[in-house]
Amino acid sequence: METINIVLSGLGGQGILFMTRVLAQASLHHGFPVMVAETHGMAQRGGSVISHLRLGEVESSLVRTGTAQFLLSLEENEGYRNLPFLSRGGRMYVNTNSKHFPIEEVKEFLDKREVIYRSIPAGTIAQELGAPRSSNLALLGYFSAFAEGPIGYKDIKTTIDKISPKRLKDINLKVFEAGYKKGKDFRGNFFG
Amino acid sequence: MIREEILLGNGAIALGLVESGCQIVTSYPGTPSSEILPEVVRFVKSEKLDTYVEWSTNEKVALDTAFAASITGKRAACCMKQVGLNVAADSLMSAAYLGTVGGLVIISCDDPGPHSSQTEQDTRFMARLAKVPVLDPSNPQEAREMVGLAMDISEEFRIPVILRPAIRVCHARQNISFGPIKKNDQKASFEKNPQRWAATPRFRLILHGELNKKLKKIGKRFEDLSQYNFHNLESGKRYPLGIIAGGVPYSVIRDFLSEEKRTDIPVLKIGTPYPFPESLAAEFMSACEKVMVIEETDTLIEYLLRDKDKVMGRLSGHVPPEGELVPQVIHKLINNVLEELNLEPFQADDDHEAVQLVKDLQLPVRRPTLCPGCPERSAFFAIRKTRPKAIFTSDIGCYTLGLNLGVVDTCLDMGAAITIAAGFYHSFAQDAIEQPIVATIGDSTFFHAGPVGLLNAVYNGARFILVILDNLTTAMTGMQPTPALGIRADGSKGKAISLERIVAGCGVDFIEVVDPYDIKKTTSLLKKAVKYVKDPKGGIAVIIARHPCVIAYPDEAIPQKKKVTITEDCVECNFCLDRFECPALYHDQELGRVNINREICVDCGVCLQICPKGAIVEA
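Chains as they are written, first to last, in the working numbering: chain R, 23 to 214; chain P, 421 to 1039.
In case anyone wonders, no lab produced these hints; they're calculated from the structure. Treat each hint with caution, since some may be false.
Said to hold, decoys possible - Covered stretches of chain P, going by a simulated chain R footprint (3 or more residues, C-beta under 8 Å):
| no. | segment |
| --- | --- |
| 1 | 441-449 |
| 2 | 508-521 |
| 3 | 620-631 |
Unchecked claim - Quick list of in silico lysine-lysine cross-link-like pairs, DSBU-like style, CA-CA up to 30 Å:
| no. | chain 1 | residue 1 | chain 2 | residue 2 |
| --- | --- | --- | --- | --- |
| 4 | R | K121 | R | K203 |
| 5 | P | K983 | R | K191 |
| 6 | P | K983 | R | K196 |
| 7 | P | K940 | R | K188 |
| 8 | P | K947 | P | K957 |
| 9 | R | K188 | P | K809 |
| 10 | P | K657 | P | K809 |
| 11 | R | K129 | P | K779 |
| 12 | P | K465 | R | K184 |
| 13 | R | K129 | P | K752 |
| 14 | R | K191 | P | K948 |
| 15 | P | K957 | R | K188 |
| 16 | P | K981 | R | K134 |
| 17 | R | K188 | P | K982 |
| 18 | R | K134 | P | K603 |
| 19 | P | K603 | R | K191 |
| 20 | R | K188 | P | K681 |
| 21 | R | K203 | R | K129 |
| 22 | R | K191 | P | K779 |
| 23 | P | K940 | P | K809 |
| 24 | P | K603 | P | K465 |
| 25 | R | K134 | P | K779 |
| 26 | R | K188 | P | K983 |
| 27 | P | K602 | P | K809 |
| 28 | R | K204 | R | K176 |
| 29 | R | K191 | P | K465 |
| 30 | P | K982 | R | K196 |
| 31 | P | K728 | R | K196 |
| 32 | R | K184 | P | K602 |
| 33 | P | K468 | R | K184 |
| 34 | R | K121 | P | K913 |
Cβ atoms here follow ideal geometry from the backbone N, Cα and C, with glycine treated the same way.
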């Protein structure tokens, strides 16, 4: 299989590690060999955090710049910061409330490189459901609605169900569903 | 069905340890090594083993303990980060001479970057210095296998063996299939032999000779260790360029060459950089006109290669001498060399435009900061308020982030908050200058390296305020317990060690405990401490600022939630943002005042005490 590279970014405390684990576990369940690189230590205290997820027969865990098919970011600026990882024709998913996403300079660049970008107010969605720290799951739900990734809605949902800590399982699934629905609705509108 | 899990590299190492029949595992937490011991505990529980595990107070203690187990015939391991091995160096150098009985594996995790360390030091050089073998895994699966090899080599040759995984092995995750895990029933027995185990210098010379002989034999073994030291030369063929690599860079290069379908560049992988497989390297070198060496973090392989004229690496300026070798960096370095040698380049890099764009965007640097609700923030706030002109010596842990609050001026190594404070005191006192000094150290760091420095400072008459930031956990590295908790590595109950009694035992007469959430009380205690330090009959004043970590104990840390809001009295002086720097406080441009980010506010209510205009109030 062709190697699939996914970069996940955000700020320490936003749940990048959990989001990565969900995708990795779902991918393994699907039969893909999995390699992940994580950020631990000081950066987890609110600094820039990034995870790399590679699916396929690879030996190293890090994604090289210019080769990620997917960039998922829980924060707009962190998304921009990691643009060098995106490959031509890649996909970018960002959590932001901004109506001006992506900003002009970035839009120009993304269009030129034929990158498809989508944003969702994942933080607000999570907060409205009473789980302000679960924006990661809203973004995952949204991502899964477009069925572009190597693993789909069902696999991801099953994995969230399996690996969420007991006390968070219900709310995690609820936020994930809300993100998914947002994506489905968007697609509905888009495709008429 | 075969059990398969996506394991963290540190989990794979832990699996290797239990698979190798390791009976004693000790560790002191430190990024990137911290998860090894908890993963061992997980496997010990799931496989019902009786492996002894401990969080030791520091790395020297951890190594001494594991060494003792080894000389009773048991298989033992100790795990630490690379700078931890500095603390254990005294033990390591001597243990190399004395040798082992049961296998003894030292796992020392390197941090090229550095991501979460004071230095980028290369453990492989420590192994060379101590004259012990070192294995350098390229990914989690290999790290797991190498643990078993290290254990076998250690036991066969009676020598400690180091495994050096770099951060990209420790914090990589990979799907790993589990094999059977057998319990090791080796019983402890200690054969007295003072000439070895308590060797005097005369016998040390003999032991040194023995060590050198062992290394020679192990070197021979490594020449034929085709699983980890190998190349893909075609016999009789000559190459314009070959690459020698080990550790993480090897796996990166392997991926490049298969992606680019390049078979014209042979690679020599070195899995055992010391003792160095010299003949294998010589064979590889003789088939190549030029050889590029790509290794992390320093130049061990490069030093050990004989024919330096052929080598393109750090010494020749082809590889940068600092920083992590991430894929895009290695890609460019190899391309530069291919170009220099007029060889077909790799596919051009496709990131220039994006890199320039990101540069032009001038994105705000997101520096790490203390969490919302962190009790260390309130302690720092009170310290700065009381002693604005002090020199602030600090230490290693989350609270190094007191930097952002202007309350950390020095950070040298574990325990140095105290020793540097004492050194400052004597330096200024010599010139008759009364320099205020406030030292801050975390509870776990204090246990690790505090008491020796403190009793030295008391004994030698230094004067300063020491604030022990006691959040009841080792927070930075992932909430490992400290000796004060009385909870051991496997969750069982141990004896709780009192910080107050240790401080008293070091000869300190001023010891006060305060909850730093109460800024007023903390401030008044600090004032009392100032007086004591200045008093002719005074000395070192120790304040223990005790409040549970908000991440480790969210409920205990904030028993009564207080929702705060900001009134129109806010004059945008930014005092709260600069001096308190809670991530939940931000300047709201639309509102024209400071506002609260409800997504991350934990309702601790501490900020109610800080606004000079009284604009932060309970909602």
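Given the hinted pair K603 (chain P) and K465 (chain P), is their Cα-Cα distance within 30 Å? holds, 12 Å
Are the Cα positions of K184 (chain R) and K602 (chain P) separated by 30 Å at most? holds, 29 Å
Hint check: K940 (chain P) vs K809 (chain P), CA-CA at most 30 Å. Holds or violated? holds, 19 Å
How does the coverage statement for the segment 620-631 of chain P fare against chain R, requiring three or more residues with Cβ below 8 Å from a Cβ of that chain? violated (count 0)
Verify the proposed pairing of K204 (chain R) with K176 (chain R), using a straight-line Cα cut of 30 Å. Status holds; Cα separation ~16 Å.
Straight-line Cα separation of K188 (chain R) and K681 (chain P) no greater than 30 Å? Violated, because 47 Å separates the two Cα atoms, which is more than 30 Å.
Would you mind confirming whether the straight-line C-alpha gap from K121 (chain R) to K203 (chain R) stays at or under 30 Å? Since the Cα atoms of K121 (chain R) and K203 (chain R) sit roughly 20 Å apart, the hinted pair holds (cutoff 30 Å).
CA of K603 (chain P) to CA of K191 (chain R), is that 30 Å or under? violated, 36 Å
Verify the coverage statement for the segment 508-521 of chain P against chain R, using a C-beta to C-beta distance below 8 Å and requiring 3 or more qualifying residues. Since 0 is below three, the answer is violated.
Hint consistency between K982 (chain P) and K196 (chain R) [alpha-carbon to alpha-carbon, up to 30 Å]: holds, 27 Å
So if I understand the rule, the pair passes when the alpha-carbon distance is 30 Å or less; does K188 (chain R) with K809 (chain P) pass? violated, 50 Å
Straight-line Cα separation of K957 (chain P) and K188 (chain R) no greater than 30 Å? Violated: K957 (chain P) and K188 (chain R) sit about 57 Å apart, past 30 Å.
Violation of the numbered hints given earlier is confined to hints 1, 2, 3, 7, 9, 10, 14, 15, 16, 18, 19, 20, 22, 27, 31 and 34; the remaining hints are satisfied by the structure.
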